[in-house]
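Residue numbers (the working numbering), protein chains in the order written: chain A, 1 to 324; chain B, 1001 to 1324.
The hints are simulated quantities; they were obtained by calculation from the structure and are not laboratory data.
Ideal placement from N, C-alpha and C gives every residue a C-beta, glycine not left out.
Some hints could be false.
Stated by the list, open to error - Covered by chain B, per the in silico footprint, the following chain A stretches (three or more residues, Cβ under 8 Å): (1) 72 to 86; (2) 89 to 96; (3) 119 to 131; (4) 134 to 144; (5) 257 to 264.
Unchecked claim - A few chain B residues facing chain A, derived, Cβ under 7 Å: (6) I1016; (7) F1019; (8) V1140.
As the list claims (entries may be wrong) - Sample of chain A residues at the chain B side, in silico, Cβ under 7 Å: (9) I16; (10) H147; (11) A295.
Protein chains: 2
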Amino acid sequence: MENKAATSEETAFDEIKSFFDSAPPLKDGDGIVKKLNGFLEKNSLPTRIGSKRVVCVTSGGTTVPLEQRCVRFIDNFSSGHRGSTSTEYFLKAGYSVIFLYRRGSYQPYCTTLPDDPLLECFEITNESDVQVHPSHSDAVKKAIGEHQAAVKGQNLLKLPYTTIFEYLQILQLIATSMKTLGPYAMYYLAAAVSDFYVPWESMAIHKIQSASGPLDMRLAQVPKMLLVLRNDWAPKAFFISFKLETDMDILLKKAGNALRKYKMHAVVANELLTRKEEVTVVTTDGNISVRRDKAKGVTDVERPLIELLVEKHSAHIEDSRNQQ
Amino acid sequence: MENKAATSEETAFDEIKSFFDSAPPLKDGDGIVKKLNGFLEKNSLPTRIGSKRVVCVTSGGTTVPLEQRCVRFIDNFSSGHRGSTSTEYFLKAGYSVIFLYRRGSYQPYCTTLPDDPLLECFEITNESDVQVHPSHSDAVKKAIGEHQAAVKGQNLLKLPYTTIFEYLQILQLIATSMKTLGPYAMYYLAAAVSDFYVPWESMAIHKIQSASGPLDMRLAQVPKMLLVLRNDWAPKAFFISFKLETDMDILLKKAGNALRKYKMHAVVANELLTRKEEVTVVTTDGNISVRRDKAKGVTDVERPLIELLVEKHSAHIEDSRNQQ
């Protein structure tokens, strides 16, 4: 049994090495590392009671290019609603947040705005001034004000990605920078990561031609990076991963498997159609159903969800300190 | 030769019928028809000299769902820069524009703004007012002012789509509404339309599972709707289509083929890397290279492009009137 696990982990390492070796180089990796280190220096005091906690929230879907000069790609649907709303509650709970988000997906404090806020919330007055429509005034002020307060106060660091390659490369940089935080670090992996990809080297350089009949494609599985992130890059951190499925039976089964296989501290199980009303937090102590509570005027399922996870993170920090 | 053409057209009709029959029903089709008819009533006076011209500009890429409850899809990359910038110049030239655009892609007058204008161009003052950063003030005023003037003046009708199904269904509604305009109608088909799709009926209902090895996919060709649009839906209109390729030799060959096969009035040939500097307008009278002219302070290749096409459209209207 142990041999099998060791072998499976070795295979994962090999697959991951080959994934990174064949990936296109990350643009401005040095700049990202500099931002991360500056942010963490400001936010993480030496480990003492009450030390600042930092959560890495990933948000939105990743893309898989089908051609090197990318015209076509496969996208994993995710608006980023979960990640951006959760970020607001983490900030409120006193966490510093590294928000690794898909370009164009929802931003914290902006989820209640229309699709195109600039054109839908503003107008030009007769005096040629820009003015917010009264109907959107509160939402716009909240979005700009709270967002900028978090960024300026250096409690929120935003890092964008588009492809699966960028996502995993930046996640590795984040893990390396956050390693010194030990149990005070949390990973809240809400991004919808592609399961399949086309290895960069075997990818068509030019646009795939459509002249002759149907298109047959073979996609390889993305190596399970979570295993290495959990065991090697951030062995002491607190880990939350997500499962999204359209079939409830498959969902809970897969969430339980992920909990065991990747040694997550909790897996948040989302069913596509009901996920804004209710999620199931799957842990080794059992499943906890979390619902949004309309009666109390609380509108997001993320509020009770983050409350629960912050509590569990406190217990994790306590446990880690007792083991030292 | 003629028999072969007839057969090919019949096959196209059959394929298109089966594509539409198997597509998911369009949401709020009646609402779209109502908007279209209201817009055209305001804009199209009975055909007389100087009658108002209407152009349908399509913009952005289409998506192809891989699952019925859509988690994964294939996307065709297109920012919508070409379509939105061209719309500005068409409006300037006195055209009314029906802008059929991909949700989230560029909007007219907004292409020079940052990715997230709300968060990057505004700030909250000490008096808790929303204020534009001075550095973005002109661009923001232009975007909101000119955009809203066009929409309020009913010179610009915006219709959003996401999937290939929605795109083609709405395009058919537009063509039906615009048919009475005859040669005064122009189609400027700048959207990047998917060549391949998964027929709705053969699509997985639940999320594709990733447990077991690589994923093999077979995609069918999207039927060539352009043939039916040109010959049947809008036989008198003026047609511009686009080709985007990463290889220049393939590009000009395919542009020429499209010109003949679909009887386009012009095909705009874009090479992926140079397309913002220069395009080639392929016509039966020969190829015309159009470049942006930095010396004159003109920053968009779309300005000379639209000037050229408006001229050619005038000639087309003149020809049509002489033939009556």
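Q | Hints violated by the structure (numbers, ascending) | A | Violated hints: 2, 5, 6, 7, 9 and 11; rest satisfied.
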